[in-house]
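So the sequences go chain by chain: A and B. Position in the first sequence counted from 1, then plus 2, gives you my numbering. Position in the second sequence counted from 1, then plus 15, gives you my numbering.
Where hints are given, some of them may not hold.
[Unchecked claim] The list that follows gives simulated cross-link-like pairs (lysine to any residue, SDA-like), each with its CA atoms no further than 25 Å apart:
id: 1; chain 1: B; residue 1: Lys-47; chain 2: A; residue 2: Ile-145
id: 2; chain 1: B; residue 1: Lys-140; chain 2: A; residue 2: Arg-102
id: 3; chain 1: B; residue 1: Lys-72; chain 2: A; residue 2: His-193
id: 4; chain 1: B; residue 1: Lys-47; chain 2: A; residue 2: His-158
id: 5; chain 1: B; residue 1: Lys-140; chain 2: A; residue 2: Phe-458
id: 6; chain 1: B; residue 1: Lys-140; chain 2: A; residue 2: Arg-445
id: 7; chain 1: B; residue 1: Lys-140; chain 2: A; residue 2: Arg-161
id: 8; chain 1: B; residue 1: Lys-72; chain 2: A; residue 2: Pro-71
id: 9; chain 1: B; residue 1: Lys-47; chain 2: B; residue 2: Leu-113
id: 10; chain 1: B; residue 1: Lys-43; chain 2: A; residue 2: His-158
id: 11; chain 1: A; residue 1: Lys-202; chain 2: B; residue 2: Tyr-68
id: 12; chain 1: A; residue 1: Lys-202; chain 2: B; residue 2: Met-66
id: 13; chain 1: B; residue 1: Lys-47; chain 2: A; residue 2: Arg-168
id: 14; chain 1: A; residue 1: Lys-202; chain 2: B; residue 2: Ala-84
id: 15; chain 1: A; residue 1: Lys-202; chain 2: B; residue 2: Pro-90
id: 16; chain 1: A; residue 1: Lys-202; chain 2: B; residue 2: Asn-22
id: 17; chain 1: B; residue 1: Lys-43; chain 2: A; residue 2: Arg-161
id: 18; chain 1: B; residue 1: Lys-47; chain 2: A; residue 2: Thr-159
id: 19; chain 1: A; residue 1: Lys-202; chain 2: B; residue 2: Ser-85
id: 20; chain 1: A; residue 1: Lys-202; chain 2: B; residue 2: Ser-65
id: 21; chain 1: A; residue 1: Lys-202; chain 2: B; residue 2: Asn-89
id: 22; chain 1: B; residue 1: Lys-43; chain 2: A; residue 2: Thr-159
id: 23; chain 1: B; residue 1: Lys-43; chain 2: A; residue 2: Pro-235
id: 24; chain 1: B; residue 1: Lys-140; chain 2: A; residue 2: Asp-373
id: 25; chain 1: B; residue 1: Lys-140; chain 2: A; residue 2: Arg-454
id: 26; chain 1: B; residue 1: Lys-140; chain 2: A; residue 2: Leu-105
id: 27; chain 1: B; residue 1: Lys-47; chain 2: A; residue 2: Arg-161
id: 28; chain 1: B; residue 1: Lys-140; chain 2: A; residue 2: Thr-159
id: 29; chain 1: B; residue 1: Lys-140; chain 2: A; residue 2: Asp-107
id: 30; chain 1: B; residue 1: Lys-47; chain 2: B; residue 2: Tyr-118
id: 31; chain 1: A; residue 1: Lys-28; chain 2: B; residue 2: Leu-109
id: 32; chain 1: B; residue 1: Lys-140; chain 2: A; residue 2: Glu-110
id: 33; chain 1: A; residue 1: Lys-202; chain 2: A; residue 2: Glu-282
In short, the hints are calculated from the structure, not lab data.
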Amino acid sequence: MSWMNDIPLFSLIACLVCAAVSSVLKARAARNVTLGLLTAVFAGAVALTARGVLENTNVTYWMGHYPAPWGNEIRFGILEPFLTALFSGVIAACIVGGNRHLLSDVEEVHLNRYYVMLDLLLAAIQAIAYTNDIFTAYVFVEISTLASCGIMILRHTGRTTLAAVRYMIFSLVGSGLFLMGVIILYDLTGHLLIVPIHEKLVSLAQSGNYHLPMTVSIALMILGLGIKSGMFPFHFWMADTYGASTPASSGILSGVVSKIYIFLAVKVITRVTGTELFYETGLQNVLYGFGIAAMIVASVSALRENDVRRMLAWSSAAQVGYIYMGLGLGTPEAMLAVIYQILAHSLTKALLFLSASSLSDASGGSHSFHDLQGAALRNVPAGIAFTTGALSMVGIPLFMGFVAKYLFMTAALHVENKALLAVVALVVSAILNTAYFLRTVIRLWASEGNERFSPFRPSAGLVAACAVLVLANLAVGYYSQPVISVIQMGINLLG
Amino acid sequence: MASFLTNNVEVVAIVLFSIGFTSLLLHKNLVKKIIGLNIMDTAVDLFLASMGYVQGKTAPIVENGIVEASSYINPLPSGLVLTSIVVSVSVTALMLALTVRLYHRYHTLNVDEIYLLAREEVRRK
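Only chain B is shown next, with the shape it has when bound in the complex (with noise of 0.2 Å):
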């Protein structure tokens, strides 16, 4: 219990990343699994981000002459996380356009109801 006290940014980023998860996997709305899917890479940049920040240190852009390394964050999962959110932005991207062909096509965003009438579609073929 004291280390999920102690860690408690970790253990908001997992648990951020599970609804994340279940919605992408489990909502039948493509909007809310669109939604679901950027939760779980805030979870994991809010993971990464944590990991690398150091209580009282800056970022490590060199001010007042200070560089020792000890006075600064470790910027690598900084780094990481700027990689993550393009990834994030760019898959959502593409979902979002997948989105709103399907939209267009069959005038609704639940999964099943689309997986429905594109079969009847197929089948009238």
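Next up, chain A with everything else stripped away, as it sits in the complex (with noise of 0.2 Å):
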């Protein structure tokens, strides 16, 4: 079925012709227009998929007319789809679930423009997990810096303009530094695709020649990515950007956009340098100590907030900081339990926000956990939503985030020298995890102190999104062993 091989070009078009068609159509129209094109985009996404499992081969797609040295590529195997699909799942969830806030948040007249900036995010994802071009992957990684700053700042006001200064700061720095560290992986080989590049390296690294510019190329990619993606001790950004945001937004940034940078750098580990080289490198450990220190650093700071919204992103940069210490530990159960962590975060964060603002609306709009005592007893669906959400993210068996943390610690239990340390910041974040969101949740179901307000009904939207995001988890946490195999054949045929 050959035919299958143009859906990741045709999505990836398809998102550019909406972005433009958008721009000229009201907000009702743009939205119908961005819900369509995610589900295409997803149905695509899931059917390469499921060809990929039942054909288990990686297809190199031309862009162009030219072979590989010198025109560009895409390549897809398992992973690549199936993270799109996750990806783009989840961003529907989002804009669904979030639509009350987006229509109260932004003006009627510039809301076409926040369906502009999805469509574009939505063709730059997709083109980063696609890629087979590391040129390609960094112009791609600023247009989606760009486009998710767009769906911040539609939103006008001071903080979350300031927010978003200060995100594109953090993310400016994250790039220039990548595409310093492409530019000299460029000067040492001479290619700008995968392939060549690793084959490239590989030699290098047998002749011995050029060690350090490799290290320092491949140090300042990973490190700009981990700006970009929230690694301790970049990760201060967070609780203003998750925090200010509408909550759509909030949701997409943490539980998406930070996630494919994640994916690329994984993809800079397993394909452009290989596992062998990086772990050569030893550029392993620093992302392992990052990884731990994040844990625990970014957890208290999450024990200590006093507001919901800005209390999950802290928890996001924690969670970040689990992938880090994954991808530190380097070896192949250790980046089975990053690949799903990934998808257990992505569906659980975005839960967790659109829940977490339903709530707070039950509750004059505020987010200060003093006015959230028993708002989930005034808006029961988006009670129960975020109940499921924080007995996942603590790691309750039958939810995905008990199967990640079990990945997670029978990953770290098989490295010698590090598995005392990551099974203790493995318990400590554990413990200090299930301190700040049950503390939230007993108190979201607590009966006394709700007099003040009146119960709320959630709109359908939100009903309906955060049905399936707790759906999804439940089916992916007690169905987990079908789609860890998929996981781990997408990585066999990543690396």
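Two chains, two frames, some hints: make the complex.
Here is the structure:
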């Protein structure tokens, strides 16, 4: 079925066309166009994933009429369409669930631009996932930065604009470093396509020349992507960014945008350098250290926070820490845990941001814990959704978060000199997670103190989006084995 | 030391990159931050362009019927420089727009002052 190879290209083009069309449509029509686009991209990506699982091969697709060292390429196996499907699904859930807030946060005449930005963001995400060319990845990293800043600043408050400036500064530092790394790599190898770069790097490593520039370039690329995805100690922008945006944007920024940069880092590690070469540089120890520190420090920040959305943002920083800790462990089992964690965190964080916003609607729009007392009783569907997400984050069996933590734990136990610290950090972080999430959940279901606010009916879209995310969480948590084997096949194809 | 002298363009590029990088991160003034960003991008462009340049060769446009690739410089880095300029222009435009919006609201360009004012604004609500 060779026509299926055209799906990535056509869904990219469809995103760009929809963005152009949405710019002249009314908000409602633009929303429908974007939802249609998301459905189409999702369906295409699911079909490609299914075919990838059945055939278990990579497809390399020429973008133009020239073969490997000259032309541009996209390449996909299983993980690329799998993550595209995940991300388009999460974006769709976020805009359906966050629609009421979008209508109140963004002026009606500008609302269609929100969907323009989302279409561009979707194009960038797909391009980063599919591309086989490191400079193309850089260009789309910048496009996704601009688009994600766009979905923040359409909310015209001072705090959001300031948060957007901070986000941009960190992002630009990150992409500047990434670009510098790419250029040094090009300087060393003379290629921009990932496959020839990899071949050249392997022969360079064998000859023993240029070891230092190679390490520097890889370090710059990983550091740049780390800053952009919120790696410790560069995670301070997260609380402002996720705390000040409209809920749909918070869910998308934390569930999708930061994860696609992590996937690009995974691609750099597994495909550009190859895992063996990467682990010879010793950079994984740095990632491991940063990851462990994030798991503890960001969780402590979350514990001290008095604003539920900022608490979720700190928790995102901690969860990103798990991912970098996993990359630092440097075993195939840890890579499996990393990809599963991307899936788990993406679904769960979107759910938490959406339900938290609905709970604060039931508390007079306040995000502080004091006002949220008893909010789940006033808004039962959102309460159930938040509780599910919180239980998953804490790592209660049956939920996805448990499986992710289990995978990290087993992976850590197999790495001799890193096992002890990793296991201690996982346990401490789990205890801190439990402390701040259960504290919130208990407060939400407390029956005293809810006289000030009246019961609240969440919008149908929010209930539907939360229900889908809760079911996805339970399904993937309960039937984790098939998902894990698909991810495992994907990782085998990647490396 | 000798390699510093032979690779002087790269050294200048790295120095410029560091200047831009530190001003982007450490300056309090938003406009100076944006200038830092531009210096950083220019440094990257310089680095790229110097890599593709071959001493004594010309731009790869066929003139006087010379078609051997060895008579021309490598055109790919020049193409990358163009892309990088486009990216930096759009990013600068967005940053300037955000700065204008913040200035209209808070009448200052100092990030710390804006932060305090924004916090106060939230508290008053």
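Against the structure, the hints:
Between B/Lys-47 and A/Ile-145 the alpha-carbon distance is near 23 Å, which keeps this suggested pair within the 25 Å criterion. Only pairs whose Cα atoms come within 25 Å are accepted, and B/Lys-140 paired with A/Arg-102 is accepted, the gap being roughly 21 Å. For the proposed pair B/Lys-72 and A/His-193, the alpha carbon gap of about 21 Å is at most 25 Å, so the pair holds. Distance hint between B/Lys-47 and A/His-158 is fulfilled; the C-alpha atoms sit about 24 Å from each other, no more than 25 Å.
Note on B/Lys-140 and A/Phe-458: the hinted pairing holds, with a Cα-Cα distance of about 22 Å set against a maximum of 25 Å. Our distance criterion of 25 Å between C-alpha atoms is met by B/Lys-140 and A/Arg-445, whose separation comes to about 24 Å. Simply put, B/Lys-140 and A/Arg-161 have alpha-carbon atoms about 12 Å apart, close enough for the 25 Å limit, and the pair holds. Pair hint B/Lys-72 plus A/Pro-71 holds up; C-alpha atoms about 23 Å apart against a cutoff of 25 Å.
Under the criterion of a C-alpha separation no larger than 25 Å, the hint pairing B/Lys-47 with B/Leu-113 is consistent with the structure, at around 14 Å. A threshold of 25 Å between alpha carbons decides the hint, and for B/Lys-43 with A/His-158 the separation of about 23 Å falls inside it, so the pair holds. Proximity of A/Lys-202 to B/Tyr-68 is assessed by CA-CA distance (about 22 Å); at most 25 Å being required, the pair is judged to hold. With a CA separation close to 18 Å, the supplied pair A/Lys-202 and B/Met-66 stays within the 25 Å bound.
Between B/Lys-47 and A/Arg-168 the CA atoms are separated by roughly 14 Å; this keeps the pair inside 25 Å, and the hint holds. A C-alpha spacing of about 22 Å is found between A/Lys-202 and B/Ala-84, which places the hinted pair at or below 25 Å, so the restraint holds. For the hint linking A/Lys-202 to B/Pro-90, the alpha-carbon distance of about 21 Å falls within 25 Å, and the restraint holds. Distance check on the hinted pair: A/Lys-202 and B/Asn-22 sit about 23 Å apart at the alpha-carbon level, within 25 Å; holds.
Distance check on the hinted pair: B/Lys-43 and A/Arg-161 sit about 17 Å apart at the alpha-carbon level, within 25 Å; holds. Only pairs whose Cα atoms come within 25 Å are accepted, and B/Lys-47 paired with A/Thr-159 is accepted, the gap being roughly 23 Å. Note on A/Lys-202 and B/Ser-85: the hinted pairing holds, with a Cα-Cα distance of about 22 Å set against a maximum of 25 Å. Between A/Lys-202 and B/Ser-65 the alpha-carbon distance is near 22 Å, which keeps this suggested pair within the 25 Å criterion.
Taking the CA atoms of A/Lys-202 and B/Asn-89, the gap is near 19 Å; set against the 25 Å cutoff, the hint holds. With a C-alpha separation of about 21 Å, the suggested pair B/Lys-43 and A/Thr-159 falls inside the 25 Å cut-off, and the hint holds. Our distance criterion of 25 Å between C-alpha atoms is met by B/Lys-43 and A/Pro-235, whose separation comes to about 20 Å. The hinted pair formed by B/Lys-140 and A/Asp-373 meets the criterion: a straight-line CA distance of about 15 Å does not exceed 25 Å.
With a C-alpha separation of about 18 Å, the suggested pair B/Lys-140 and A/Arg-454 falls inside the 25 Å cut-off, and the hint holds. Straight-line distance between C-alpha atoms of B/Lys-140 and A/Leu-105 comes to about 21 Å, which keeps the hinted pair within the 25 Å bound. For a cut-off of 25 Å, the pair hint linking B/Lys-47 to A/Arg-161 stands: about 21 Å separates their Cα positions. For the given pair, B/Lys-140 sits about 12 Å from A/Thr-159 by alpha-carbon distance, which is consistent with the 25 Å threshold.
For a cut-off of 25 Å, the pair hint linking B/Lys-140 to A/Asp-107 stands: about 16 Å separates their Cα positions. Restraint check: the Cα-Cα separation between B/Lys-47 and B/Tyr-118 comes to about 14 Å, which is no more than 25 Å; the hinted pair holds. For the hint pairing A/Lys-28 with B/Leu-109, the CA-to-CA distance comes to about 24 Å; that is within 25 Å, so the pair holds. A threshold of 25 Å between alpha carbons decides the hint, and for B/Lys-140 with A/Glu-110 the separation of about 23 Å falls inside it, so the pair holds.
Proposed proximity of A/Lys-202 and A/Glu-282 is supported: the alpha carbons are some 16 Å apart, at most 25 Å.
When held up to the earlier numbered hints, the structure conflicts with none and fits them all.
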